[in-house]
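Work the whole structure out from these sequences, hints included.
Heads up: the protein sequence lines correspond to chains A and B, in order. The first sequence begins at 1 in my numbering and counts up by one. The second sequence begins at 460 in my numbering and counts up by one.
Keep in mind that the hints were calculated from the coordinates and are not lab data. This structure is a prediction, so every number in the text was calculated from the model and none was measured. It cannot be assumed that every hint is accurate.
In silico contact screen, one side only, chain B against chain A (beta carbon under 7 Å); selected entries [stated by the list, open to error]:
no., residue
1, 499
2, 506
3, 516
4, 517
5, 518
6, 521
7, 733
8, 736
9, 776
10, 784
11, 787
12, 789
13, 791
14, 792
15, 803
Note that beta-carbon positions come from the ideal geometry of N, C-alpha and C, so glycine has one too.
For reference, the chains in residue letters:
Protein chains: 2
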Amino acid sequence: MLRNRLFSPTMVAALLGGAVVMIPTLHSFAAGGDAHGEYALTFLWIAIVLLAAKVSGLVERFGQPAVLGELLMGVAIGNLALFGISTFEPIKADPMIIFFAELGVVILLFQIGLESNLKDMTRVGYPAVMVAIAGIIFPFILGAYLVGPYLMPGLDTNTYLFLGAALTATSVGITARVFKDLGKLKIKESQIVLGAAVIDDVMGLVILAIVTAMVVTGSITAGAVSMIVLKAVLFLGGAIIIGQITAPYIGDLFSRIHTGAGMKFSLAFSIGLILAYIASLIGLAPIIGAFAGGLILDSVTFKRFRRPEFCEDLDDLAKSSDNATKEKLQSVVRHYDHKHVEDLLEPVGQVFVPIFFVVTGMSVDLSTFADTSIILTALGLTLAAIVGKVAAGFFAGKGTNRWLVGFGMVPRGEVGLIFATIGMGLGVVTGGVFSAVIIMVIITTLIAPPVLTAILKRM
Amino acid sequence: MLRNRLFSPTMVAALLGGAVVMIPTLHSFAAGGDAHGEYALTFLWIAIVLLAAKVSGLVERFGQPAVLGELLMGVAIGNLALFGISTFEPIKADPMIIFFAELGVVILLFQIGLESNLKDMTRVGYPAVMVAIAGIIFPFILGAYLVGPYLMPGLDTNTYLFLGAALTATSVGITARVFKDLGKLKIKESQIVLGAAVIDDVMGLVILAIVTAMVVTGSITAGAVSMIVLKAVLFLGGAIIIGQITAPYIGDLFSRIHTGAGMKFSLAFSIGLILAYIASLIGLAPIIGAFAGGLILDSVTFKRFRRPEFCEDLDDLAKSSDNATKEKLQSVVRHYDHKHVEDLLEPVGQVFVPIFFVVTGMSVDLSTFADTSIILTALGLTLAAIVGKVAAGFFAGKGTNRWLVGFGMVPRGEVGLIFATIGMGLGVVTGGVFSAVIIMVIITTLIAPPVLTAILKRM
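And the structure:
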C-alpha cells in the first residue's frame with residue numbers, strides 16, 4: 001500500500017516531466033564533443049519522439065486516426081519555444097532524426113505497397129488517371145490564374161505559375177496513414193487515391209521541370225518534357241514488370257542461403273530500399289520506388305521461406321487434433337503466414353514512421369499565423385487547394401464515394417514545400433508568398449485526417 | 460521452361476553483380492547534391508550491407524555463428540579498394556551508416572539484457588567480479604610490463620601504460636552475439652561473461668581515466684578515481700533498483716493510453732534508448748545503459764498489455780476445444796506472450812545489428828598486415844591479450860567451463876580502438892603502435908567466434 005502510494009503513476013509522470021526539463025543542463029554538463037555523447041543524445045531524441053507519438057495516440061479515443069495525434073504532438077513540441085521552452089529545438093536540426101523521418105516515409109509507402117495488390121491497383125487504373133489529371137489541372141488554374149493574381153496583385157507571372165504548381169502535388173503519406181490506421185487500405189477509394197497520388201507525383205515532377213525551365217530560360221522544349229515523362233513511365237512500368245518476373249527467382253536464390261525470418265525480412269526490406277534508391281536516381285521521389293517495391297512483393301516471392309515460428313508449433317498441434325480443430329489451426333497458420341513479411345516490418349515501421357509524422361508536425365511554425373495579410377492569402381490558397389482536389393474527386397467514376405477520393409487528395413505535405421523552396425531558390429517566391437504556401441500545406445495536412453475519418457464513418 | 464532458362468538464379472546473380480559495378484557511374488549521373496539523393500544513397504548502402512550480411516550467413520553451413528560471417532564479409536567489402544574496387548568505400552564514411560552501427564550495438568545489448576535474467580546475473584555475481592578483476596590485471600601487466608618493453612624497447616613509459624590499458628576492456632558485443640547465435644545466452648558461462656564484461660567496461664573506464672591523468676598531469680588524486688567509480692556504481696545500481704521498482708508503474712501508466720503491440724514495443728525500445736543516453740551522460744558506454752534497460756524489463760512490466768495478435772485467435776479456438784487441445788494451445792499462447800517484446804524487437808535488430816558487425820569488419824584495414832615488424836609486435840600483443848583473458852577465465856569457479864569463460868572475454872572490438880585513439884590524441888601512441896593495437900583487436904575479434912563455437916560443441 002505504501003509502495004503503491006510512493007510510486008503512483010501520477011508521480012512517475014511528474015518525475016518524467018521533471019527529467020525532461022533537466023536534459024539540456026545535464027547534457028552540457030557531460031563532456032561534450034565526443035561522438036558517443038552526440039549519438040547518445042540522438043538516442044534520447046528518438047525515445048522522446050516515439051513516446052510522444054504513442055501518448056498522442058490518445059486522439060484515437062475521440063475516433064481520430066493516430067496520425068493526426070502524431071502531427072498535432074509534433075506541432076506542440078515544435079512550438080514550445082514560443083513559450084520559452086527550447087529543450088526540444090535540437091530535434092528539428094538533428095541530421096539523424098531527419099534521416100529517420102525520411103526513411104520513415106519510405107518504409108510507410110513500402111508497407112502500403114505490400115498491403116496493396118497490383119491487380120486491385122490496375123483495376124482502378126482509369127479512374128486513378130482521371131482523378132490525377134483533374135487534380136493537377138484544377139488546383140493549378142485556381143492558384144496561377146485566380147487566387148494568385150486576385151489576392152496578390154502586381155507580382156511576376158512566374159510567381160503565379162509557381163503558386164499554381166505548389167498546389168498540384170498530393171502528399172500520399174498522410175492519406176495512406178489515415179486509411180491504414182482505420183483499416184481501409186483495401187477499399188476502392190483508397191486504391192484510387194494511392195494510384196492517383198503516385199501519378200500525381202510523376203506529373204508534379206513534369207510540371208516543376210516545365211515551370212522551372214520557363215523561369216530560367218523563358219521557354220522549354222517539348223523534347224525535355226518528353227524525356228522526363230519517359231523516364232518516369234519507364235521506371236514505374238519497368239520496376240513493376242521486371243520486379244514481378246524476377247521477384248520469385250530472387251526469393252528462390254536467397255532462400256538457398258537461409259529460409260528464416262531474418263532472411264525473409266532483410267530481403268524484402270532491401271528490395272524496398274533499392275527501389276527507393278533507383279527512383280531517386282532517375283529524379284523521382286524515393287517513396288514512389290518504395291511503393292513499387294511493395295507492390296512487386298507477394299507471398300509467391302517468399303514461398304520457399306519458413307513460416308512464422310509459432311506456425312511450426314501449431315502444425316505439430318494440428319497433427320494430433322481432430323479434423324475440425326486441424327482445419328481451424330491450418331486456417332490460422334495460413335492467415336499469419338500470408339502476412340508474415342508485413343508483420344515483420346511492423347515493428348520497424350513503429351520506429352521510423354512516427355518520427356516522420358512528429359517531425360513533419362514540428363516543422364510547422366505557428367508564428368507564421370501572426371501576419372493577417374499572409375493569413376488571408378494563405379486561406380485563399382488553401383481554399384483553392386481543397387476545392388481543386390475535391391472537384392477532381394468527382395472524376396473517380398460511378399459507385400465510389402467521390403468526396404472520400406477528393407479529400408484523400410487534399411494533403412500537400414512536404415511536396416508543396418519542395419515546390420516553394422525551389423521557387424525561392426529561383427527568386428520567384430518571396431518570404432510572404434512562401435509563408436502563405438506553408439500555411440496552406442499545414443491546413444491541408446491537418447484537415448485531411450479528421451475529414452476522411454468523418455466520411456469513412458458515415459459510409 | 461524458356462522463362463526458367465531466361466531468368467535462372469545464376470543469371471539474376473550475374474545481373475545483380477553487374478548492377479553493383481554500375482552504382483557509382485549512375486549516381487554521379489543523377490543530379491547530385493540534393494538531400495533526397497544523399498539519403499537515397501544511404502538507403503542503398505543499408506540494403507547492400509543487410510544483403511551482404513545475410514549472404515554471409517553461409518558460414519552457418521560450416522557450424523560457425525552468423526556474426527563471424529558478418530565480420531568477414533565486412534573485411535572483404537572494406538578491403539575491395541586494395542583490388543581497385545572503391546564502390547563501397549563511401550559506406551565507411553557515411554555518417555548515417557555509422558550511426559546505424561552505433562545504434563545496432565545498443566539494440567543488441569538491449570536484446571541481450573531482455574533475454575538475461577537479473578536473478579541469474581546476481582547468482583553469478585561473485586565469479587563475474589573475480590573474472591573481471593583478473594581479466595583487467597593480467598592483460599594490463601602482460602602488456603605494460605612484458606610485451607611493450609620487450610618487443611618495443613626505448614619507448615616512453617606512458618606508451619607502455621597505454622598499451623596495457625588497451626588490452627584490458629572486453630568488447631561484449633561479439634561474444635554475446637556468438638552465445639545468442641548458438642542459443643546459449645542462458646548458460647552459466649554466458650552469464651558470467653556478460654556480467655564480467657559489464658564490470659570490465661566500468662573498470663576499463665577507471666583505468667583510462669587514471670592512465671590519462673598520469674600522462675597529462677603526471678599524477679592522479681584518489682578522489683578523482685573514487686568519483687569515477689562512484690558514478691559508475693551508482694548508475695548501474697540505481698538504474699537496476701529504481702528501474703525494477705518503477706517499471707511496472709511505467710508499464711501501467713502507458714497501458715492506460717494504449718495496450719497494443721505498438722505501444723508495448725515503443726515503450727520497451729524507448730526505455731532502452733533512454734538508459735543508453737543516461738549511461739553516456741555520466742561517461743559510461745551507452746551499451747551498458749541499454750543492457751541495464753533490458754535487465755529491468757520483464758513480463759511484469761507489460762502485464763496489462765495485449766498479447767500477440769495470433770494469441771487472440773488461439774484463445775477463441777481454445778474455447779471450443781477439448782481439454783487436452785485447450786491446454787496445449789494455452790501453453791503456446793503463454794510461450795509467445797512471454798517473449799513478445801523480444802519478438803517485436805527482433806526485426807528492428809535485423810536492421811541495425813548486422814550493420815554494426817559488417818561496419819566493424821569494414822574498419823579492418825588489411826594493408827596494416829604488410830609491415831612485418833608491426834606484425835611481430837601485434838602478435839605479441841595478441842598473445843598477451845588472449846593469455847591474459849583465458850587465465851582470468853580460471854577464476855570463474857568450479858563447475859563452469861573456464862576455457863569458455865576465458866575465450867568469451869577475448870574479443871576487444873571497438874573498446875581497444877577507443878583506448879588507442881585516445882592515446883594517439885595524447886601523443887603517447889604512435890603510428891606503428893596504433894597499427895599493432897588494431898591488428899590485436901582484429902585477431903582477438905575474429906578468433907573468438909570459431910573458438911567459442913568449438914568449445915560449445917564439445918561441451
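Each hint, compared with the structure:
{"no.": "1", "hint": "499", "result": "3 Å, holds"}
{"no.": "2", "hint": "506", "result": "4 Å, holds"}
{"no.": "3", "hint": "516", "result": "5 Å, holds"}
{"no.": "4", "hint": "517", "result": "6 Å, holds"}
{"no.": "5", "hint": "518", "result": "11 Å, violated"}
{"no.": "6", "hint": "521", "result": "13 Å, violated"}
{"no.": "7", "hint": "733", "result": "5 Å, holds"}
{"no.": "8", "hint": "736", "result": "4 Å, holds"}
{"no.": "9", "hint": "776", "result": "6 Å, holds"}
{"no.": "10", "hint": "784", "result": "6 Å, holds"}
{"no.": "11", "hint": "787", "result": "5 Å, holds"}
{"no.": "12", "hint": "789", "result": "11 Å, violated"}
{"no.": "13", "hint": "791", "result": "5 Å, holds"}
{"no.": "14", "hint": "792", "result": "9 Å, violated"}
{"no.": "15", "hint": "803", "result": "5 Å, holds"}
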